[in-house]
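Can you make the complete structure from the sequences, with help from the hints?
2 protein chains.
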Amino acid sequence: MNGSGTAPTPSPRTTYRRLGVEERRTQLIAAALALFAHRAPEDVSLDEVAAAAEVSRPLVYRYFPGGKPQLYEAALRSAADDLQLCFAEPQTGPLTGRLSAALDRYLGFVDEHDAGFSALLQGGSVVETSRTGAIVDGVRRAAADQVLAHLRVREPGPRLRMTVRTWITAVEAASLIWLDEGKQPPLPELRDWLVDQFLALLLATGAGDEQVSKVVRAVLSLETPEGRAGLLARRVTPMLSAADHLL
Amino acid sequence: MNGSGTAPTPSPRTTYRRLGVEERRTQLIAAALALFAHRAPEDVSLDEVAAAAEVSRPLVYRYFPGGKPQLYEAALRSAADDLQLCFAEPQTGPLTGRLSAALDRYLGFVDEHDAGFSALLQGGSVVETSRTGAIVDGVRRAAADQVLAHLRVREPGPRLRMTVRTWITAVEAASLIWLDEGKQPPLPELRDWLVDQFLALLLATGAGDEQVSKVVRAVLSLETPEGRAGLLARRVTPMLSAADHLL
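Chains as they are written, first to last, in my numbering: chain W, 1 to 247; chain A, 1 to 247.
In case anyone wonders, no lab produced these hints; they're calculated from the structure.
It is possible that some hints are incorrect.
Chain copies aren't distinguished; within one or between two, either way the pair holds.
With a cut-off of at most 20 angstroms between alpha-carbon atoms, the simulated EDC-like pairs for lysine to aspartate or glutamate come out as follows [stated by the list, open to error]:
| id | residue 1 | residue 2 |
| --- | --- | --- |
| 1 | Lys214 | Asp244 |
| 2 | Lys183 | Asp209 |
| 3 | Lys214 | Asp145 |
| 4 | Lys68 | Asp43 |
| 5 | Lys68 | Asp104 |
| 6 | Lys68 | Glu42 |
| 7 | Lys183 | Glu42 |
| 8 | Lys183 | Asp244 |
In this text the structure is predicted, and so the values were computed from the model without any measurement.
Here's what the structure looks like:
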């Protein structure tokens with residue numbers, strides 16, 4: 001409510017002092033993640049992180065005495081926390097709608113973090129350790145658990161677990177390929193394709209596994225003609241005429 | 001034809017002298033690969049490689065002056081050459097038969113190299129460099145090219161390329177999960193499941209892409225009722241009754 005020009009604009013120094021410990025930490029991690037989005041972590045210096053956060057290099061060291069490896073791990077953990085939330089979706093309605101919403105969040109994260117996402121997942125980074133590998137594996141496991149929860153299966157057998165883990169890897173691989181191909185096709189198309197893939201994988205696996213076969217029936221019973229499964233079913237049917245000689 | 005006991009048994013030293021440069025190199029790489037199969041490359045010392053090959057440590061250094069990183073890279077390149085041959089299969093007969101033969105070789109390689117395969121592909125190894133990453137990527141690209149050749153597509157569109165690359169990643173991921181789960185299920189089951197996955201992925205992708213749709217029809221026309229596609233089609237059909245409301 002101050003009239004413009006009457007109150008002094010807070011200087012960076014004032015802002016600097018005002019941030020609490022957690023806020024400052026969060027700010028430094030955000031600055032690091034923003035830089036990792038455009039360059040590989042090994043090419044980003046602590047000086048650049050300090051400059052981006054408008055603080056001194058010693059301040060960065062106060063928060064991350066272990067230097068870049070520690071900051072990198074903290075940034076990775078923060079990104080992992082965000083990624084893990086992607087698949088947390090209310091367990092109501094058709095599965096394809098839930099997966100679509102989850103993938104929109106996941107792919108949005110990929111889009112935003114760009115090269116940083118590749119660096120995190122592809123490894124080969126000089127700041128990579130067995131601990132950072134464990135964080136990435138943790139994200140995969142959490143995503144798989146959430147997908148299994150959506151399938152309402154309490155005790156998933158080996159084949160169902162393998163199917164879900166394989167699909168999670170396919171999502172990851174497709175995301176990396178998507179970045180590699182200059183973000184083509186548009187995200188909604190990529191999302192729909194990944195949802196279709198999941199249905200197709202479930203169906204193919206259900207052909208040889210009783211538990212997965214039951215899951216498929218339960219999943220399909222919740223789908224609607226307007227949804228992704230309906231569209232896929234109507235589009236696949238004409239192609240199947242080429243399989244008549246196999247039945 | 002010598003009577004046993006009359007000719008002197010060749011001593012290791014004799015064998016040592018007889019090997020040519022290429023043979024010796026191949027032998028050292030084989031020894032390294034055998035050790036990597038049971039332990040991570042970073043836990044294997046050059047002394048152990050020398051002992052396994054029954055040669056001195058200086059001899060190993062004569063062939064690999066760069067020490068372990070160089071030996072590791074040579075071993076990786078040798079493994080990559082073997083892996084690249086897996087998908088080279090005559091382009092005749094039903095696709096599922098060709099993929100099955102290729103996967104039998106690929107999965108046989110995984111089975112034989114065990115932990116070494118994980119180390120190669122999962123990264124996170126301290127001896128990993130951007131060059132070793134490029135070798136692994138080269139295997140993936142070669143496998144994708146060979147699968148595309150089996151589909152008899154000269155100019156694959158982005159969706160078809162993405163489908164094949166995603167499947168290659170799924171094969172890799174499933175192999176790692178298979179090792180992780182104590183080599184369960186038996187290899188032939190894993191192979192059949194991966195072949196089924198490929199058909200399912202093609203079908204789901206063909207639903208939204210004209211080129212892939214044509215590939216699906218061409219692939220199915222070559223399949224026989226006794227083959228994998230026939231079995232899959234007959235098993236999936238009953239499940240699809242749960243999708244009648246979507247058509």
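Status of each hint after checking the structure:
For a Cα distance limit of 20 angstroms, the shortest separation of Lys214 from Asp244 across copies, 16 angstroms, qualifies, whereas the shortest one inside one copy, 25 angstroms, does not. In this assembly of identical chains, Lys183 and Asp209 lie within 20 angstroms of each other by CA distance solely across copies; the values are 18 angstroms between and 36 angstroms within a copy. For the identical chains of this complex, Lys214 and Asp145 are intra-copy neighbours only, at 18 angstroms inside a copy versus 36 angstroms across copies, given an alpha-carbon limit of 20 angstroms. With identical chains, the CA atoms of Lys68 and Asp43 are at most 20 angstroms apart within one copy only, with a shortest distance of 11 angstroms there and 26 angstroms across copies.
Proximity of Lys68 to Asp104 under the C-alpha cut-off of 20 angstroms is found in neither arrangement, the shortest distances being 31 angstroms within a copy and 44 angstroms between copies. For a Cα distance limit of 20 angstroms, the shortest separation of Lys68 from Glu42 inside one copy, 9 angstroms, qualifies, whereas the shortest one across copies, 23 angstroms, does not. Proximity of Lys183 and Glu42 under a CA criterion of 20 angstroms is satisfied in neither setting, with 24 angstroms inside one chain copy and 36 angstroms between copies. For the identical chains of this complex, Lys183 and Asp244 are neighbours neither inside a copy (38 angstroms) nor across copies (36 angstroms), given an alpha-carbon limit of 20 angstroms.
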